[in-house]
Each structure stands twice: as C-alpha cells, then as structure tokens.
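K.L.:
These protein sequence lines map, in sequence, to chains U and R.
Mapping of the first sequence onto my numbering: position 146 corresponds to residue 168, and the numbering continues sequentially without gaps.
Mapping of the second sequence onto my numbering: position 114 corresponds to residue 100, and the numbering continues sequentially without gaps.
Honestly, the hints are just simulated from the structure, not real lab data.
Hints should not be assumed to be uniformly reliable.
[Stated by the list, open to error] Estimated spans, in silico, between C-beta atoms of each pair:
#: 1; chain 1: U; residue 1: Arg252; chain 2: R; residue 2: Gly181; range: 36 to 42 Å
#: 2; chain 1: R; residue 1: Glu99; chain 2: U; residue 2: Arg252; range: 55 to 61 Å
#: 3; chain 1: R; residue 1: Gly95; chain 2: U; residue 2: Gly117; range: 21 to 27 Å
#: 4; chain 1: U; residue 1: Tyr250; chain 2: R; residue 2: Ser169; range: 39 to 45 Å
#: 5; chain 1: R; residue 1: Ser122; chain 2: U; residue 2: Val65; range: 40 to 46 Å
#: 6; chain 1: U; residue 1: Leu101; chain 2: R; residue 2: Arg62; range: 46 to 52 Å
#: 7; chain 1: U; residue 1: Tyr250; chain 2: R; residue 2: Arg58; range: 44 to 50 Å
[To be verified] Computed, partial: chain R to chain U, Cβ under 10 Å:
#: 8; residue: Pro50
#: 9; residue: Arg58
#: 10; residue: Ser78
#: 11; residue: Pro93
#: 12; residue: Arg94
#: 13; residue: Ala134
[To be verified] If we take Cβ atoms under 10 Å as the criterion, some of the chain R residues that face chain U in the derived model are:
#: 14; residue: Arg20
#: 15; residue: Gln45
#: 16; residue: Leu47
#: 17; residue: Arg49
#: 18; residue: Val73
#: 19; residue: Leu75
#: 20; residue: Leu151
#: 21; residue: Pro153
#: 22; residue: Thr156
#: 23; residue: Leu224
For glycine and all other residues, C-beta sits at the position ideal for the given N, C-alpha and C.
Spelled out, the chains give:
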Amino acid sequence: MEDVTQAFATAFRMIVSLDPVLLEIVGLSLEVSLGALVLAAAVGMPLGGAVALFRFPGRRGAIVLLNALMGLPPVVIGLLVYLVLSRSGPLGDLGWLFTPTAMVVAQFVLITPIVAALTRQVMEDLWEEYEFQLRSLGAGPLRAIPTLLWDGRFQLVTALLAGFGRAIAEVGAVIIVGGNIAHATRVMTTAIALETSKGDLALALALGLVLLGLALAVNAAASLAAEYARGHDS
Amino acid sequence: MSRIEPGPAILPLEFKSVGYRVGDQSLLEEVSFRLEAGPRTVILGPNGSGKSLTLRLAQGLLRPSSGRVAWRVENRLEQTMVFEQPVLLRRSARANVEYALALHGEPRGRRRERAREVLAQTGLESIADRRARVLSAGEQQRLALARAWAIRPQVLFLDEPTAALDPPATRRVEDLIREIGASGTKIVMTTHDLGQARRLAEDVLFFCAGRLLEVSPAADFFESPGSREGRAFLEGELSW
Chain U
23 MEDVTQAFAT
33 AFRMIVSLDP
43 VLLEIVGLSL
53 EVSLGALVLA
63 AAVGMPLGGA
73 VALFRFPGRR
83 GAIVLLNALM
93 GLPPVVIGLL
103 VYLVLSRSGP
113 LGDLGWLFTP
123 TAMVVAQFVL
133 ITPIVAALTR
143 QVMEDLWEEY
153 EFQLRSLGAG
163 PLRAIPTLLW
173 DGRFQLVTAL
183 LAGFGRAIAE
193 VGAVIIVGGN
203 IAHATRVMTT
213 AIALETSKGD
223 LALALALGLV
233 LLGLALAVNA
243 AASLAAEYAR
253 GHDS
Chain R
-13 MSRIEPGPAI
-3 LPLEFKSVGY
7 RVGDQSLLEE
17 VSFRLEAGPR
27 TVILGPNGSG
37 KSLTLRLAQG
47 LLRPSSGRVA
57 WRVENRLEQT
67 MVFEQPVLLR
77 RSARANVEYA
87 LALHGEPRGR
97 RRERAREVLA
107 QTGLESIADR
117 RARVLSAGEQ
127 QRLALARAWA
137 IRPQVLFLDE
147 PTAALDPPAT
157 RRVEDLIREI
167 GASGTKIVMT
177 THDLGQARRL
187 AEDVLFFCAG
197 RLLEVSPAAD
207 FFESPGSREG
217 RAFLEGELSW
C-alpha cells in the first residue's frame, strides 16, 4: 500500500514538474493521434456525407459495413497494417514499420469508420431538412456535401472527438506497428503497459492520469460541442 | 461573364397528362396545362388538392408517375422555389444570398455587390450580417425571396409563402412578389389565402382532389368560376 501511495506521489510530482520523459511520451501520443484524426476527418467526413446523400445500389450494405467497422478490434488492425507495411508486404519499401507514421496509419484505419459513420448520421438528418431547398437552388448531392458539412460543423465536432478518444486510448494497434521503442514510438498507452509490467508504477500512473485527463477533456468538449450545436440550431 | 446573365427562355412549361401516385393512392391525375411567361399564376384549391405537389413536380423536385413535365429549355438554374418554411443556411443573411449566387456561377468578386443590392431591395440591408436563423419569420421569408431573386430566375415558384406570417409581414412579402414579377420573373404560387389570391393572381389554376378543374384569367375565375367545385370553394363550402 505504501508503494502505491509513494507511486501516486511520484506520479503527481512528474506531472507538476513537467517531467521530460513524460512530456515526450504525451507529445508523441498527441502527435500520432491528432495526425490520424486529421487524415480520418479528411477521408471520413466526405465519405460519410457521400453515403448519406447519394443513392446507389448496395447503399444499405455500405451503411451496415460502416457501422460494423466502428467496432474493429485494434489488434486486428495492427496486424493488418503490420502485414501491409512489413518488409515483404505491398508497402514494405516505404520503411514505415516501427515509426510514428505506421502508428498514424493504424489509428487512421481504426477511427476513419467511426468518423464516417457518425458523419453519415448527422448528414442524413440534415439532408432530410435541406434536400428540397438545396435542390431548388440548383445544388445536387455533390455540391450539398460541403454545405452540410459546414452547416453541421458543431454536431460533427462530436464525431471527431469520438474518433480522437478512440485513437488516443488504444494500445493494440500501435504496439504492433510501432514496437513501443523508447524515444521513437512509445506513446502513453504502450508506455503504461510496459512500465506496469516492469513495476515502475510512478511513470505508468502519471501517464494514466494524463490519459484520464485527456479522456475527460474530450468528453467535456463533446458535451460542449453538442450544447453549442443545439444553441445554433435555431 | 456571369452565369446569371439571362439564358435562353425556358418557358413555356407544359404538364402533359401528369399523374403522381404514392403506393396505390393517386395524388394527382391526368393534369395538363401550359404556363407562359408573363402573368402571375396562382394555384388554388382545398387541402390535399395537389397544389404543392404540382409545384414540386414543375420544379423537378419530384418525378411524375405518369405523363411528362416539359420545359421549352431544360435548365434547372433558371428556376427556383421558395417554401412556406424556407430552410436558411446556418450563416449570415448575406452569406445565404452569396451561397445561391455561388451555386449559379456568379464570380466571387460580384457576389457581395449583388447580395447587397438584393438585400437593399428586400429591406434587409440593415440585418445583412445577422445569423439568418435568428431572424423573425417575416424576415426569414423575405430573405428566402431575396436569395431566390438574387439569381434572377426566369421562373419563381412560391409554395404558400405567407402561410406562417402576420398581416404586416404578409403585405411586405406580397409587395416583394409584385416587384419580383415586375422585374421579369414569372411567378407561380400556391396560397390558402383567398384575399391574397385576389390581390396577386393574374391567372388561376384551380385544383380539387388531385385534378385540375380550371385554368382561367383570375378575373374570370373570381367572377364566375366554371366548375361547381370552384363555386363551392369561393363560397367557403370546400375546406382549404
């Protein structure tokens, strides 16, 4: 018990004193997850919009698939990205395996379906309201997608935050494709796993507290965004 | 050159035996008429007679189940519609107008000037920078008209444009409709307000139960309707 108390005290000290090792790991985690989020937003939002607005054969199946992909197990994604990026894989020549880039790719694959599926739902609701008006002004579905993305921006923040929350908290994919290499690919979740197994509870706890803080901040931001969206609906 | 310079005339518009069904229910049957440029056309009829449906079919928002809707020249950009409850984008009044201009290919440099001009014409210049969705119902409807007018459509469809407005706001919208009509835009509108129909209509299409019963100059229709249903409607014996 004394060890745990001591570990908590050390963890707090590390956070308050902005311990360089802690900062490095938190910095890389944010860099990787925000990078993945930017890419997921660039792909997932237009994709979600297209599925919502266009009518095409197999659309219902596409929606089911998109929703199912939201629950993809991170280790499976890690394994698939590993196979693609490994030396004998189709993109092995890029030399991305065990680099932060590989981790961005894995998290991008993990969260793009989340962003796309949540965007589709928001866009479909908006399209129901806007369709006749926009079509009567001469805008088809293609032109309507950026319009609705802009008009639904406050609701869509929630989709992005959900994606970010999933990315920053996952461990399975990044540990497979990143390798958890100190000063290179060690992020919060992989470091917590490693430090706990080594018995260095202080660093693990400090990272855990930061991660918890980030999770709370993301949830608070999502609530605020949703509230702001309601305020801007009228 | 601006895309909203007048294109080839898209009128006349012809409905050729148009029908519209939902499941096994027929909402519009064998409707045929021809709309020429010029006079303001008001579509009248009781609830469920097919007035709004006719506008949506004319505008191309819905496809007929049978028959054909034919324009002289098919050009969706030369006609637009204002709804009873217009959907305004979540941006400023000015940005709403500029959005429509952008859709119609107006060069970026000229959008602001055209928006300023049309907002002034509709009495909305002082609230150009306010969020469109917080405007009053009357201001929102005038903004919807301004947005439609900005693109200088050859035909403007209005679906009960004053149904949700109080009398002063209704008057202002009616003045605006006259002004838009006078600028060369063909007005085709539905209304539930018989007084408004008398004030604005130059031609009347009278519908009842999904069928077009009369096409006539407004004065003739209001003086001596040619159908039993038309007479009953004017005497308030048909609900609307």
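K.L.:
Hint by hint, say whether it matches the structure.
P.N.:
Structure-based check of all given hints:
Roughly 39 Å separates the CB atoms of Arg252/U and Gly181/R, a value that falls within the hinted 36 to 42 Å. With their beta carbons about 36 Å apart, Glu99/R and Arg252/U fall outside the hinted range of 55 to 61 Å. Gly95/R and Gly117/U have their C-beta atoms about 48 Å apart, which leaves the hinted 21 to 27 Å range violated. Between Tyr250/U and Ser169/R the beta carbon distance is about 40 Å. The supplied range of 39 to 45 Å therefore holds.
Checked against the hint of 40 to 46 Å, the pair Ser122/R and Val65/U passes, with Cβ atoms roughly 41 Å apart. The hinted range of 46 to 52 Å is satisfied by Leu101/U and Arg62/R, whose Cβ atoms lie roughly 50 Å apart. Evaluation of the 44 to 50 Å hint for Tyr250/U and Arg58/R yields a pass: the beta carbon distance comes to about 48 Å. Among the interface hints, the one on Pro50/R is violated; its C-beta lies about 16 Å from the nearest C-beta in chain U, farther than the 10 Å criterion.
Taking 10 Å as the C-beta contact cut-off toward chain U, the hint placing Arg58/R at the interface is violated, the least distance being around 18 Å. Hint on Ser78/R is violated. Least Cβ distance to chain U is approximately 13 Å, over the 10 Å limit. A distance limit of 10 Å between C-beta atoms decides the matter here; for Pro93/R the minimum to chain U is near 16 Å, and the interface restraint is violated. Interface restraint check for Arg94/R: the shortest CB-CB distance to chain U comes to about 16 Å, outside 10 Å, so the restraint is violated.
Checking Ala134/R against chain U: minimum C-beta separation of about 8 Å stays under 10 Å; hint holds. Because the closest C-beta pair between Arg20/R and chain U is about 22 Å apart, greater than 10 Å, the hint is violated. Hint status for Gln45/R relative to chain U: holds, with the closest Cβ pair at about 6 Å, below 10 Å. Restraint check, Leu47/R versus chain U: the minimum CB separation of about 5 Å is within 10 Å; hint holds.
Contact between Arg49/R and chain U, as hinted, is not supported at the beta carbon level, the nearest pair being about 12 Å apart and thus beyond 10 Å. For Val73/R, the shortest C-beta to C-beta distance to chain U is roughly 4 Å, which falls under 10 Å, so the interface hint holds. Interface hint at Leu75/R: satisfied, since its Cβ lies 6 Å from the closest Cβ of chain U, which is below the 10 Å cut-off. At about 18 Å, the closest approach between the beta carbon of Leu151/R and any beta carbon in chain U exceeds 10 Å, and the interface hint on this residue is violated.
Look at Pro153/R: its Cβ only gets to about 24 Å from chain U, farther than 10 Å, so that hint breaks. Against a cut-off of 10 Å between C-beta atoms, the interface hint on Thr156/R is violated, since the closest Cβ of chain U lies about 21 Å away. With its C-beta approaching chain U no nearer than about 27 Å, Leu224/R sits outside the 10 Å limit, and its interface hint is violated.
Checked against the numbered hints given earlier, the structure breaks hints 2, 3, 8, 9, 10, 11, 12, 14, 17, 20, 21, 22 and 23 and satisfies all the rest.
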